[in-house]
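S.K.: Given the coordinates of chain D, assemble chain F onto it according to the supplied hints.
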Amino acid sequence: MEREAFLARVRAALVDLPAPPLPEALPPTFASGDGRLFERFAEELAAAGGEARRLPSFALADAVAELAAGARTAVVTPDLGPFLGRVEDGLRRAGCRVLEPTRAAAARAELGITGAALGVAATGSVLLRAGPDAPRAASLLPPTHVAVLPEERLVPGFEGLFAALPDLARGASQAVLVTGPSRTADIERTLVRGVHGPLRLVVAVVAP
Amino acid sequence: MNRGSFAAAGTGGPVGRTFEARARALLARPEVRRNLAAAMDRSAVLRQRAFEGVDLGALRAAGEAIRAHTVARLDRHLARWAERAEARGTRVFFAADAGEAVAYVLEVARRRGVRLAVKGKSMISEEVGLNRALEEAGVEVVETDLGEHIQQLAGEPPAHITVPAVHRSRAEVRDLFARAYRAELPDEDPAHLTRFAREVLRERFLAADLGITGVNFAVAETGSIVIVTNEGNGRMCSSLPPVHVALMGMERVVPSFRELAVLLPLLTGSATGQRVTTYVNVVNGPRGPEEPDGPEELHVVVLDNGRSRILRTRYRSILHCIRCGACLNVCPVFRQVGGLAYGSPYGGPIGAVLAPLLEGFDRAGDLPWASSLCGACTEVCPVRIPLHEHLVALRADVARARAAGLERRAFRWWARAWASPGSYGLLARLARFAQRPFVRAGRIPRAPFPLSRWTRGRDLPPVARRTFRERWRRGGVKGGA
Chain D
1349 MEREAFLARV RAALVDLPAP PLPEALPPTF ASGDGRLFER FAEELAAAGG
1399 EARRLPSFAL ADAVAELAAG ARTAVVTPDL GPFLGRVEDG LRRAGCRVLE
1449 PTRAAAARAE LGITGAALGV AATGSVLLRA GPDAPRAASL LPPTHVAVLP
1499 EERLVPGFEG LFAALPDLAR GASQAVLVTG PSRTADIERT LVRGVHGPLR
1549 LVVAVVAP
Chain F
8 MNRGSFAAAG TGGPVGRTFE ARARALLARP EVRRNLAAAM DRSAVLRQRA
58 FEGVDLGALR AAGEAIRAHT VARLDRHLAR WAERAEARGT RVFFAADAGE
108 AVAYVLEVAR RRGVRLAVKG KSMISEEVGL NRALEEAGVE VVETDLGEHI
158 QQLAGEPPAH ITVPAVHRSR AEVRDLFARA YRAELPDEDP AHLTRFAREV
208 LRERFLAADL GITGVNFAVA ETGSIVIVTN EGNGRMCSSL PPVHVALMGM
258 ERVVPSFREL AVLLPLLTGS ATGQRVTTYV NVVNGPRGPE EPDGPEELHV
308 VVLDNGRSRI LRTRYRSILH CIRCGACLNV CPVFRQVGGL AYGSPYGGPI
358 GAVLAPLLEG FDRAGDLPWA SSLCGACTEV CPVRIPLHEH LVALRADVAR
408 ARAAGLERRA FRWWARAWAS PGSYGLLARL ARFAQRPFVR AGRIPRAPFP
458 LSRWTRGRDL PPVARRTFRE RWRRGGVKGG A
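Residue numbers (our numbering), protein chains in the order written: chain D, 1349 to 1556; chain F, 8 to 488.
Since the hints were derived computationally from the structure, they do not count as laboratory data.
Heads up, some of the hints might be wrong.
As the list claims (entries may be wrong) - Only part of the chain D face toward chain F is listed, based on derived beta-carbon distances under 10 Å:
| id | residue |
| --- | --- |
| 1 | Leu1362 |
| 2 | Pro1369 |
| 3 | Ala1442 |
| 4 | Gly1443 |
| 5 | Thr1450 |
| 6 | Val1468 |
| 7 | Gly1472 |
| 8 | Ala1511 |
| 9 | Ala1512 |
| 10 | Ile1535 |
Claimed, not checked - Derived CB-CB ranges, DEER-like:
| id | chain 1 | residue 1 | chain 2 | residue 2 | range |
| --- | --- | --- | --- | --- | --- |
| 11 | F | Val207 | D | Met1349 | 44 to 54 Å |
| 12 | F | Arg31 | D | Arg1384 | 55 to 65 Å |
| 13 | D | Ala1356 | F | Asp194 | 50 to 60 Å |
| 14 | D | Met1349 | F | Thr25 | 30 to 40 Å |
| 15 | D | Pro1514 | F | Arg98 | 40 to 50 Å |
| 16 | F | Leu213 | D | Ala1356 | 39 to 49 Å |
| 17 | F | Leu213 | D | Pro1430 | 24 to 34 Å |
| 18 | F | Arg56 | D | Ala1367 | 27 to 37 Å |
| 19 | F | Asp194 | D | Glu1391 | 25 to 35 Å |
| 20 | F | Arg139 | D | Thr1450 | 34 to 44 Å |
| 21 | F | Arg31 | D | Glu1391 | 45 to 55 Å |
Even for Gly, the Cβ is constructed at its ideal location relative to N, Cα and C.
The following block holds chain D by itself, in its conformation from the complex:
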């Protein structure tokens, strides 16, 4: 159907209908409460089945080497920015081969390491955006996903997240809020972690 005809039909059905205004103030949903953002973030992420670690940037290579122990291949994305060198160092130290983050490579890599645009303390979530420097497959296909989040990008609750989303939505073809590894309760409502997305999620929160 032509758009104009479609919308005209909707408009005709609504004609003379008074519209209640949008509420001016919206009730708060999930806020972090006190100022200890990382502690709350780690707690909530653990409840969702993920792991959070807080570390100074110089310790990142060690942490990555430990996480990559036993893994043979990993994909890393350029959106890691200043952390890219340390991440690659850690992987090499663990004897893990670093692959270009193509879809084919991500499909067979055991580890995907990416940056993160934002963290939400109240829910233990990280926001990943897709872009030229951030392919989607790297955080989606490998069984383990490690996201590196600078601590200053941690916001207390949903208010901060939803305030940031419009600009993010304008600047990226896709943005996804991730809370823990993939899960399902489709068989007898029994919680199972690890369905189509990663089985394991680690967020490395890098202290300034």
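M.R.: Showing chain F alone in chain D's frame:
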């Protein structure tokens, strides 16, 4: 306009033209009731926990206000959303009915030479009967939500809005997988079965030429669509195949992210008892020119299919629904029979209102009676839709549309007889006499026609030996407490 398109949607499932017939078939499967009741109880507990520490009353009131505003100004918000989506390279198609929606998707599939489509959960695709149309056009369609995949293997439509295979036991799922994939599956542990599904479906995700998903919210502010999942299949379907088609009912719009901050927790908390689901995917457009992955084409099909007709009626608020499924979980009728009894993609209280309005009274006019009118649905609804009031009003509308002249005359006569004390007393005395041959142990278990239709499902209490009015007149009723 093409009405009654659900007929094409449901392949398999219990057979029967009426709710009663389908419900009877399902009640004969005792495992259905057992599995349902356990799952529904768990859902209620989880929901409560999700909203701990949140002023749920205020949140629901805000949710209702947001939905009421948006639906009352749907044309404007929809136009703004479409304009911004197109500015980002999304192709928007407005489908007046199921036929147009299906034809559009088939044309995309034909042009791109699609052989394999992977699907995330989409109620709209059930509503328009998309799977069958694609399969008839030679496209293999694989449902990738675990619950929907189970239902697809069983040849049944989804039985619940958010938990499609909720009525099945783990043993049934194991047997379905083993048969479909000719695999030895000794273990029926849900973790093992889920891992098995991950492996067989991963290969399909990577091979698919088309990804199909639903839409939970369309954000007018940026032209984005939001897809909420836990399993990651929505992200797979919208990220891996070269073409992504998303289907949405036209009422899915939200003005901006600000309002989404209220509606999203209401949705996930009510649906699965999570404060936020694992993946909240905000899709803003197809992949950019420099991007290494993501779909080259993004199409969004916006469906009317009877919704603009509902906008004109007193049932308009049914379009406020955000499809959380909470009303299903608390409904005493749904808990007994499950979603398949409703014969529509939308079961439970929301389905009992929506299906007759979308499909017509001929096909689904009996659904408003699939309710005890207890009002639990209204109480739990995150956007405060007065579901039980809609059910009562629909019963009246259906009855008016159906009542034969004779029945209507009979009830007019009845109303007149009861309006006067004299004729009422006379009738009571007559009934007392006429009921004699039918009373067994103080009840009437089987009455003659037409009352037999009432007593088929319950006993009728007989008229008392002496009515209250008679006792009153003779001073047999003591006053006071």
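S.K.: Indicate, hint by hint, whether the structure satisfies it.
M.R.: A quick look at each hint next to the structure:
{"no.": "1", "hint": "Leu1362", "result": "holds (6 Å)"}
{"no.": "2", "hint": "Pro1369", "result": "holds (6 Å)"}
{"no.": "3", "hint": "Ala1442", "result": "violated (25 Å)"}
{"no.": "4", "hint": "Gly1443", "result": "violated (26 Å)"}
{"no.": "5", "hint": "Thr1450", "result": "holds (7 Å)"}
{"no.": "6", "hint": "Val1468", "result": "holds (8 Å)"}
{"no.": "7", "hint": "Gly1472", "result": "holds (9 Å)"}
{"no.": "8", "hint": "Ala1511", "result": "holds (8 Å)"}
{"no.": "9", "hint": "Ala1512", "result": "holds (9 Å)"}
{"no.": "10", "hint": "Ile1535", "result": "holds (4 Å)"}
{"no.": "11", "hint": "F:Val207 with D:Met1349: 44 to 54 Å", "result": "violated (39 Å)"}
{"no.": "12", "hint": "F:Arg31 with D:Arg1384: 55 to 65 Å", "result": "holds (58 Å)"}
{"no.": "13", "hint": "D:Ala1356 with F:Asp194: 50 to 60 Å", "result": "holds (58 Å)"}
{"no.": "14", "hint": "D:Met1349 with F:Thr25: 30 to 40 Å", "result": "holds (33 Å)"}
{"no.": "15", "hint": "D:Pro1514 with F:Arg98: 40 to 50 Å", "result": "violated (22 Å)"}
{"no.": "16", "hint": "F:Leu213 with D:Ala1356: 39 to 49 Å", "result": "holds (43 Å)"}
{"no.": "17", "hint": "F:Leu213 with D:Pro1430: 24 to 34 Å", "result": "holds (33 Å)"}
{"no.": "18", "hint": "F:Arg56 with D:Ala1367: 27 to 37 Å", "result": "holds (35 Å)"}
{"no.": "19", "hint": "F:Asp194 with D:Glu1391: 25 to 35 Å", "result": "holds (33 Å)"}
{"no.": "20", "hint": "F:Arg139 with D:Thr1450: 34 to 44 Å", "result": "holds (36 Å)"}
{"no.": "21", "hint": "F:Arg31 with D:Glu1391: 45 to 55 Å", "result": "holds (49 Å)"}
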